[in-house]
Amino acid sequence: MSRNGLFAAGVDVGSTQTKGIIVDRQRRILGRSLLDTGANVTRAAERGYEAALGEAGLTPADIAFVVGTGYGRYRVTFGNAQISEIGCHARGAKLVFPGTHTVLDIGGQDSKVIRVGDEGEVVDFSMNDKCAAGTGRFLAMAADTMDLALENIGDISLRSTTHLPITTTCTVFVESEIVAYLARGRKPEDILRGMHRAIASRCTSLMHRVGVEEEVTFTGGVSLNIGMVKALEEALEMGVNVSPESHYVGAIGAALFALERAQAGMAAVREG
Amino acid sequence: MLVTAGIDAGAATTKAVVLSEEHVILGKGVVPSRADLAAAAEAAFLLALEQAGLAREAIAYVVSTGFGRYMVPFRDIQVTDLTSHAQGALYYFPSTRSVLDIGAQSTRVSHIEPWGRVKVFRLNAKCAAGAGTFLVRVAKYLEVPLEDLGPLSLRSEEPQPISSVCAVLAETEIINHLTAGIKLEDILKGAMLAIADQGLGLLKRVGVEPEVTLTGGVSKNVGMVAALRQQLGQHINVSADGEEGSFFAGAQGAGILGFMRLKKLRGAG
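Going down the list, the sequences are from chains A and B.
All you need for the working numbering is the position in the first sequence, starting with 1, plus 1287.
All you need for the working numbering is the position in the second sequence, starting with 1, plus 244.
Bound-form chain A, shown alone (with noise of 0.2 angstroms):
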């Protein structure tokens, strides 16, 4: 069944998680999807592309225009077209925080800063993606090695009091580092702590490599996680916005790019 009405899709394919997204002409999100990536990306993007539809209760025959973006945008083979990531989450930021003059994304594999002008455009941008201290990674071996799951070491991070430093950089190495912290009887908490602080000093060291302007907008799926958000205020000493979406911030962007796209391509044909 069609419905009438101009709809966009953004599916961002990344490392670890595929997101979907389909909004309307009022650039309203009407469906989301979010699933892991897994080894076979095409399917993946093909997924989450389904489940966004799915929730939206539409049909590929409904959207006008699907832009793909994230590390496996070239393998949404349905896609009209291919954005960076970084001008999607630049986007994306600002629909859903206004106010956002710099984003800072951390995601399963990498890490980037993105300076944001007025009109949700780029700036400038830096980026990690060569060594996994300051992405995800670092904290998934954590809660790997302490056997814990990935999405509860935020809160207990929070439960710490002290100070424990982590000084190994490398994330394979900082495993040895953990481990004897917990041989010498150091609280999990004050370990994950520790964790969550040395990420949010390379992240916040990336971001002024760019420069920090009000507001920073917090994405990726590490802004999920509330010890992450604590450990980036305190190490940046200003509030950063985070919000449920967050997650999705890419795929938004893309789903706006598509959205303009749309209406793009509908002005030249009527122009025509």
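One thing to keep in mind: the hints can contain errors.
[Claimed, not checked] Straight-line Cα separation of at most 30 angstroms, BS3-like style, residue types lysine-lysine; simulated pairs:
(1) A:K1417 <-> B:K464
(2) A:K1417 <-> B:K427
(3) B:K363 <-> B:K507
(4) B:K363 <-> B:K464
(5) A:K1517 <-> A:K1474
(6) B:K464 <-> B:K427
(7) B:K508 <-> B:K363
(8) B:K370 <-> A:K1517
(9) A:K1417 <-> B:K448
(10) B:K370 <-> B:K464
(11) B:K370 <-> A:K1417
(12) A:K1474 <-> B:K370
(13) A:K1417 <-> B:K384
(14) A:K1474 <-> B:K384
Please keep in mind that the hints were generated in silico from the structure rather than gathered at the bench.
What you are looking at is a predicted structure, and each value in this text was computed from that prediction instead of being measured.
Chain A is already provided as a structure; the job is to place chain B on it using the hints.
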């Protein structure tokens, strides 16, 4: 007969040797280091003594080296890895001028004088790219026993390059290659070439002075030795398959330094 012992307390394994006055290994032992470095040092030492058929009292001098060298309670002195590996490398290859020591958690390169004094050196112990631990992780994701990695990689005809430098981020790439149906040996060789590049980067920064001798745990892996030679484009000494001279170079070098020290002490006395 004067006998010394060298203990190399490394991040992954602890090696011990017992040496004759001619610096020949009479006995050797190796155990995983794990959390208790002192216990590992003791265990490796006992193995070396047993193989040499000697009692503890027969050892005139014990020299420790390696990352855990201060944790060897029965040592007489400790020396740095650079100094011990230089002596170990010179024992097997007297013309060694550059030492490349790749261990589990660190890579060290140095230029040395013909008598073993270290002139310049560089270390990397901050990042697993280029260190042996990277290989251990690769073995884990590929589900291949660590000791089979080397021989398997030598079968590769079309190495699959990997672009990630980071040992953690490479995991995703390797898994993607596996899913794409690329042969195990080609993925492995690609990973080894990447690790070799990282390790050699440090050597290139100090400059390559021939002859180059490889020491440390990675020297046991024939695939890594081949990858390092290929990426450097020149010969790298490794001693000696079977004898594992390069693997025990730190411990042996420490034992040799024990003799030097004894000679000095006796000269002074």
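Practice problem: Starting from the hint list further up, note which numbers the structure goes against and sort them upward. | Solution: Of the numbered hints given earlier, the structure breaks none, since each of them holds.
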